[in-house]
Amino acid sequence: NAGVTQTPKFQVLKTGQSMTLQCAQDMNHEYMSWYRQDPGMGLRLIHYSVGAGITDQGEVPNGYNVSRSTTEDFPLRLLSAAPSQTSVYFCASSLTGDGYTFGSGTRLTVV
Amino acid sequence: AQSVTQPDIHITVSEGASLELRCNYSYGATPYLFWYVQSPGQGLQLLLKYFSGDTLVQGIKGFEAEFKRSQSSFNLRKPSVHWSDAAEYFCAVGPFSGGYNKLIFGAGTRLAVHP
Chain A
1 NAGVTQTPKF QVLKTGQSMT LQCAQDMNHE YMSWYRQDPG MGLRLIHYSV
51 GAGITDQGEV PNGYNVSRST TEDFPLRLLS AAPSQTSVYF CASSLTGDGY
101 TFGSGTRLTV V
Chain B
112 AQSVTQPDIH ITVSEGASLE LRCNYSYGAT PYLFWYVQSP GQGLQLLLKY
162 FSGDTLVQGI KGFEAEFKRS QSSFNLRKPS VHWSDAAEYF CAVGPFSGGY
212 NKLIFGAGTR LAVHP
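Chains A and B are the protein sequences, given in the same order.
The first sequence begins at 1 in the working numbering and counts up by one.
The second sequence begins at 112 in the working numbering and counts up by one.
Calculated directly from the structure, the hints in this document are not laboratory data.
Every residue, glycine too, gets a C-beta built ideally from N, C-alpha and C.
Be aware that one or more of the hints could be misleading.
Restraint-style ranges between C-beta atoms, simulated for each label pair [claimed, not checked]:
1. Gln156(B) - Pro8(A): 17 to 23 Å
2. Lys179(B) - Pro75(A): 37 to 43 Å
3. Thr7(A) - Phe162(B): 41 to 47 Å
4. Gln17(A) - Ala128(B): 32 to 38 Å
Below are the SDA-like pairs computed for lysine to any residue, each with C-alpha atoms no more than 25 Å apart in a straight line [to be verified]:
5. Lys160(B) - Asn28(A)
6. Lys14(A) - Leu95(A)
7. Lys172(B) - Thr101(A)
8. Lys172(B) - Tyr138(B)
9. Lys213(B) - Asp56(A)
10. Lys213(B) - Ile54(A)
Which residues of chain A face chain B? A partial, calculated answer using Cβ under 7 Å [to be verified]:
11. Met41
12. Leu45
13. Leu95
14. Gly99
15. Phe102
16. Gly103
Excised from the complex, chain A in its bound form:
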C-alpha cells in the first residue's frame, strides 16, 4: 500500500518552462488537494478536487492548473514557471475530507 506518491522529488526549472507534478494515491480516496509550503507561511491550498471530474481553486491558484480524470491521479501543471513558484509542493488525499494523508513532497526551484 503506497499511500500518496509524488514525482519527481526534486526539480529545477528555468523561468517560462512548463511542467507537471504528478500525484497518485492507491487508497480510493475521493478528496485530493495540492498545497505549497513556503518558509514561515505554513501550507497554502492551491487546488483541490472532491472527485473525478471535479476540481476547484484554493487560496493561491494563479499560475497552476489541475485536472482529475481518474480517482487515483491528480496532476498539477505549472503553465509558465516563475521564480515565485519556487517552493515545496505537497499532494494530499482523504477518504472523507476530515484528515488527510500527505505525500512526501516535490521540491521545485525556478531559476
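Here the structure of chain A is known, so what remains is to put chain B in place on it, guided by the hints.
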C-alpha cells in the same frame, strides 16, 4: 476570515521535559481542528484531530490536545518529550464547506530537543 496563529516559531526543550505548543484560531463556527507533524524532508503526518465531543483529544506518539472554545485555542501537549519528537508542528483548522475540509494551516512551530 479564518486564520490560524502559532505564536512560537521555535521551541527548544530538554529530553524528558513536558511540552506545550500553542495554537489559536479565528473562525466563526465550530471548527474542525488538526495537528500535523513534519519530520525533515518528509510529508505531514496527522497527530490528532478534533471535531466535537470531549475537548481533550488523544493522538498518536503520546500527544494530546485540548480544545478551549472560550480562548479559541487548541494547544498540543506531551508530558515527556523524546529526541525523536524533534520536528515541525502545524496546527490547522478545516472549514467544512460543501463536504470538503479546506485546511488552513498555521506557520508552524519548529521543535528542537536537547539530550
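Now the hints, each set against the structure:
Separation of Gln156(B) from Pro8(A) is about 22 Å and conforms to the stated range, judged on CB atoms against 17 to 23 Å. Between Lys179(B) and Pro75(A) the CB atoms are about 41 Å apart, so this pair conforms to the stated range of 37 to 43 Å. Separation of Thr7(A) from Phe162(B) is about 33 Å and departs from the stated range, judged on CB atoms against 41 to 47 Å. Checked against the hint of 32 to 38 Å, the C-beta distance between Gln17(A) and Ala128(B) comes to roughly 48 Å, which is inconsistent with it.
With a C-alpha separation of about 22 Å, the suggested pairing of Lys160(B) with Asn28(A) holds against the 25 Å cut-off. Note on Lys14(A) and Leu95(A): the hinted pairing is violated, with a Cα-Cα distance of about 36 Å set against a maximum of 25 Å. The hinted pair formed by Lys172(B) and Thr101(A) meets the criterion: a straight-line CA distance of about 17 Å does not exceed 25 Å. For the given pair, Lys172(B) sits about 28 Å from Tyr138(B) by alpha-carbon distance, which is inconsistent with the 25 Å threshold.
Among the hinted pairs, Lys213(B) with Asp56(A) is consistent with the structure: their alpha-carbon atoms are about 11 Å apart, no more than 25 Å. Taken as a hint, the Lys213(B) and Ile54(A) pair is honoured in the structure, with Cα atoms around 15 Å apart against an allowance of 25 Å. Hint on Met41(A) holds. Least Cβ distance to chain B is approximately 6 Å, under the 7 Å limit. Taking 7 Å as the C-beta cut-off, the interface hint given for Leu45(A) holds, the closest approach to chain B being about 6 Å.
Against a cut-off of 7 Å between C-beta atoms, the interface hint on Leu95(A) is violated, since the closest Cβ of chain B lies about 12 Å away. A least Cβ separation of about 5 Å between Gly99(A) and chain B falls short of the 7 Å threshold, and the interface hint therefore holds. Hint status for Phe102(A) relative to chain B: holds, with the closest Cβ pair at about 4 Å, below 7 Å. The restraint placing Gly103(A) at the interface with chain B holds, with a minimum CB-CB distance near 5 Å, inside the 7 Å limit.
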